[in-house]
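Visitor: Listed below are the residues making up each chain.
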Amino acid sequence: MGATHKKGIVASFQYFDDFLDSIKAIKGKPEFRGHEIYSPCSYHELMEFAEEQMGPSQVRWFTLVGALTGVTAGFSMCLLLDYDWPIVVGGKTAGVYSLPAYFIFGFEVMILLGALCTIAGMLIMGRLPNPRSWVLHPRITDDRFVVFVPNALPDGDQARLLQELGAEEVYGV
Amino acid sequence: MSDLVTWDKTISDVNPGILVGLKNPHPSFYVALSISVVCLIIGAVFWGIEISQGMGVTGLNAPVYWGVLITDFVFWVGIGHAGTLISAILFLFRAKWRNSINRSAEAMTVFAVITAGLFPLIHVGRVWVAAYWMLPLPNTNNLWVNFRSPLMWDVFAISTYLTVSLLFWYMGLLPDLASMRDRVTGFKRILFNFMSFGWTGSLRQWHHYETGYGFLAALATPLVLSVHSIVSWDFAMSMQPGWHTTIFPPYFVAGAILSGCAMVYSLVLPLRWMFHLEGFIRKEHLEALIRLTLLTSTIVAYAYGIEFFIAWYSGNEYEWAIFQKRATGPYAFYFWVMTFCNCIFPLVFWSKKIRNNTTVCFIVCVLVNVGMWFERYNIIVSSLVEDFLPSSWGHYEPSYIEMGITLGSFGWFFTWLLIFCRFFPLVSMSELKLIMPKPLRKKPEGH
Chain V
1 MGATHKKGIV ASFQYFDDFL DSIKAIKGKP EFRGHEIYSP CSYHELMEFA
51 EEQMGPSQVR WFTLVGALTG VTAGFSMCLL LDYDWPIVVG GKTAGVYSLP
101 AYFIFGFEVM ILLGALCTIA GMLIMGRLPN PRSWVLHPRI TDDRFVVFVP
151 NALPDGDQAR LLQELGAEEV YGV
Chain H
1001 MSDLVTWDKT ISDVNPGILV GLKNPHPSFY VALSISVVCL IIGAVFWGIE
1051 ISQGMGVTGL NAPVYWGVLI TDFVFWVGIG HAGTLISAIL FLFRAKWRNS
1101 INRSAEAMTV FAVITAGLFP LIHVGRVWVA AYWMLPLPNT NNLWVNFRSP
1151 LMWDVFAIST YLTVSLLFWY MGLLPDLASM RDRVTGFKRI LFNFMSFGWT
1201 GSLRQWHHYE TGYGFLAALA TPLVLSVHSI VSWDFAMSMQ PGWHTTIFPP
1251 YFVAGAILSG CAMVYSLVLP LRWMFHLEGF IRKEHLEALI RLTLLTSTIV
1301 AYAYGIEFFI AWYSGNEYEW AIFQKRATGP YAFYFWVMTF CNCIFPLVFW
1351 SKKIRNNTTV CFIVCVLVNV GMWFERYNII VSSLVEDFLP SSWGHYEPSY
1401 IEMGITLGSF GWFFTWLLIF CRFFPLVSMS ELKLIMPKPL RKKPEGH
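Note that the protein sequences, when read in sequence, are chains V and H.
If you read the first sequence in the numbering used here, its first letter stands for residue 1, the second for the next number, and so on.
If you read the second sequence in the numbering used here, its first letter stands for residue 1001, the second for the next number, and so on.
These are computed hints drawn from the structure, not numbers from a lab.
Any given hint could turn out to be false.
[Stated by the list, open to error] A few chain V residues that face chain H, going by a derived Cβ cut-off under 8 Å, partial list only:
| no. | residue |
| --- | --- |
| 1 | Phe-32 |
| 2 | Cys-41 |
| 3 | Glu-108 |
| 4 | Ala-115 |
| 5 | Asn-130 |
| 6 | Asp-143 |
| 7 | Asn-151 |
| 8 | Leu-153 |
| 9 | Leu-161 |
| 10 | Gln-163 |
| 11 | Leu-165 |
[To be verified] Listed next, with one range per pair, are the computed distances between beta-carbon atoms:
| no. | chain 1 | residue 1 | chain 2 | residue 2 | range |
| --- | --- | --- | --- | --- | --- |
| 12 | H | Ser-1028 | V | Lys-27 | 48 to 56 Å |
| 13 | V | Arg-33 | H | Thr-1006 | 37 to 45 Å |
| 14 | V | Pro-56 | H | Leu-1092 | 15 to 23 Å |
| 15 | V | Tyr-83 | H | Pro-1390 | 20 to 28 Å |
Because the structure is a prediction, the values reported are computed rather than measured.
Note that beta-carbon positions come from the ideal geometry of N, C-alpha and C, so glycine has one too.
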């Protein structure tokens, strides 16, 4: 699936509990190495499983770097432009930097760059955009849960195990 | 709230139910779209008159340089706030009921903020040079903008808010665009695949998507609270009696959320009927929205009361005089419409029977929006007409040009919203599945 276009088997599940039991059962088995999991939505149990499998998402570092860059850029913009041309406001001494007022810019640009970097992180870590994506099962985005096992055959041991675990359909691609 | 919903549908009904509704909207949809386009054209004509003849046609003159156009700006920014409240803040609070209405609320936010963004441009008159005044660009004397000005803060706040709202909304659409892709063929399939970035629903994608969505919500939450606080500082940072108060930021935020919740209800109710979504946007979800409207209405009523009390308690005679005149002077009509629509009429929502009566709720929500527009007008105009110098006092009433542009802004907003609803799912399908019963072979105990 994805941009891989690998050969293997696709097992689709109608029931979420069967699917969850299956992905836990095949986890770490050498004959299922490189398997991929697909779901129409992000059930909590599935997200917990993903965290166990892949660890915490690295998107958080994108957010942190974006936010820190933003707050620095926001304050720097005000301070540098004030340095470039000090504006006398209300008779106050030119060159006295108004940090409380600049806080607004620091805050807003922090949010802006934090959000932009978060989106970048979501896309990069999720390997998107992926214009050559290949839809393994027409109902993955509808109501079916799918496991793809590369380098497996429809009449192989992997297919048999998935069927025993409750897959409603197993076929080769 | 959604835990209490007894669903008669399964997750298998979600995609067909919602996407089939897109193809066959009720004929009233086309009537609504036609009315919106007509209003938009009227607004464009009046804006054209303003551009060609100058700002004098708006009736803005000393001492009132901010009138209906700035009222419209604050009104539309406020409308957007409930969208972010529902999509981001309620997401962080894990309020499940928001999953059925968050898409429509987010769309409302995006189009409302785009509408609001037009008003500073309309208000400056010479729109073609607005960029020089609003962006941090040096002018012909190489003079930079004043970063100590709340108007400059506002430019950054609104543009950040629009960008973040737009991204939040679009990222939420990705899984649904992939669902649409998987139901069509040919060019549409290529188009939806492009728009969904090739989303496949893999565990890796969901893992990073959910984390990122949470961070976006966490960033959008302080943002939404800051934006209307900053809008309120456009007024509160001045020395004008009636504006120079510290209560303005929370008061504006509460008012914004009240108007936004009422607007979401006013939009969702007819749209759910036009697109046959009654099975997905349930009456329990609508009732939860009404409860939120009631809550924010009471906060707004408290803010009105405290504002009056502090005006008296402060001993500042100019402040107190403005407040007395708001209630009894030439703008008393606006004041009492505001008070009744925002504080008195929503009290009917204490009755559960009325909360479940969609007709009454719809009428009260429309009245709340009328009241919120009057609130902004009341704050802006009644303070400007009378400042510290009696020699500069004046009077202001909206001109037909301004009201035409206001009508046009509603046309602009509804045209974009209805076009969106016609082509994209009004309910977030992937999020709705999360609050419906899971498809389980072994039924959970108690079911």
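Visitor: So, as I understand it, the hint says Leu-153 (chain V) touches chain H; can you test that by seeing if any CB pair is closer than 8 Å?
Guide: Given a least distance of 22 Å, the restraint on Leu-153 (chain V) is violated.
Visitor: Range hint 15 to 23 Å: satisfied by the CB atoms of Pro-56 (chain V) and Leu-1092 (chain H)?
Guide: Holds: the Cβ-Cβ distance is about 18 Å, inside 15 to 23 Å.
Visitor: Does the closest beta carbon of chain H sit nearer than 8 Å to the beta carbon of Ala-115 (chain V)?
Guide: holds, 5 Å
Visitor: Using Cβ atoms only, decide whether Leu-161 (chain V) comes closer than 8 Å to chain H, and label the hint accordingly.
Guide: violated, 17 Å
Visitor: Using the Cβ atoms, figure out if Tyr-83 (chain V) sits within 20 to 28 Å of Pro-1390 (chain H).
Guide: With Cβ atoms ~43 Å apart, the hint is violated.
Visitor: Take the shortest C-beta to C-beta distance between Asn-130 (chain V) and chain H; is it under 8 Å?
Guide: Interface hint status for Asn-130 (chain V): holds (3 Å vs cutoff 8 Å).
Visitor: May I ask you to test the interface hint for Gln-163 (chain V) with respect to chain H, counting a Cβ-Cβ separation under 8 Å as satisfied?
Guide: Violated, about 14 Å.
Visitor: Is 37 to 45 Å a correct range for the gap between the Cβ atoms of Arg-33 (chain V) and Thr-1006 (chain H)?
Guide: Cβ of Arg-33 (chain V) to Cβ of Thr-1006 (chain H): about 44 Å, so the range 37 to 45 Å holds.
Visitor: Under 8 Å is the threshold here; is the Cβ of Asp-143 (chain V) close enough to any Cβ of chain H for the hint to stand?
Guide: holds, 4 Å
Visitor: Checking hints one by one. Is Phe-32 (chain V) an interface residue toward chain H, by the C-beta closer than 8 Å rule?
Guide: Cβ of Phe-32 (chain V) sits 14 Å from chain H, so the hint is violated.
Visitor: Holds or violated: Cys-41 (chain V) as interface residue toward chain H, Cβ cutoff 8 Å?
Guide: holds, 4 Å
Visitor: Going by Cβ atoms only, is Glu-108 (chain V) closer than 8 Å to chain H?
Guide: With a minimum Cβ separation of about 4 Å from chain H (threshold 8 Å), the hint on Glu-108 (chain V) holds.
When each numbered hint is compared with the structure, violations occur for hints 1, 7, 8, 9, 10, 11, 15.
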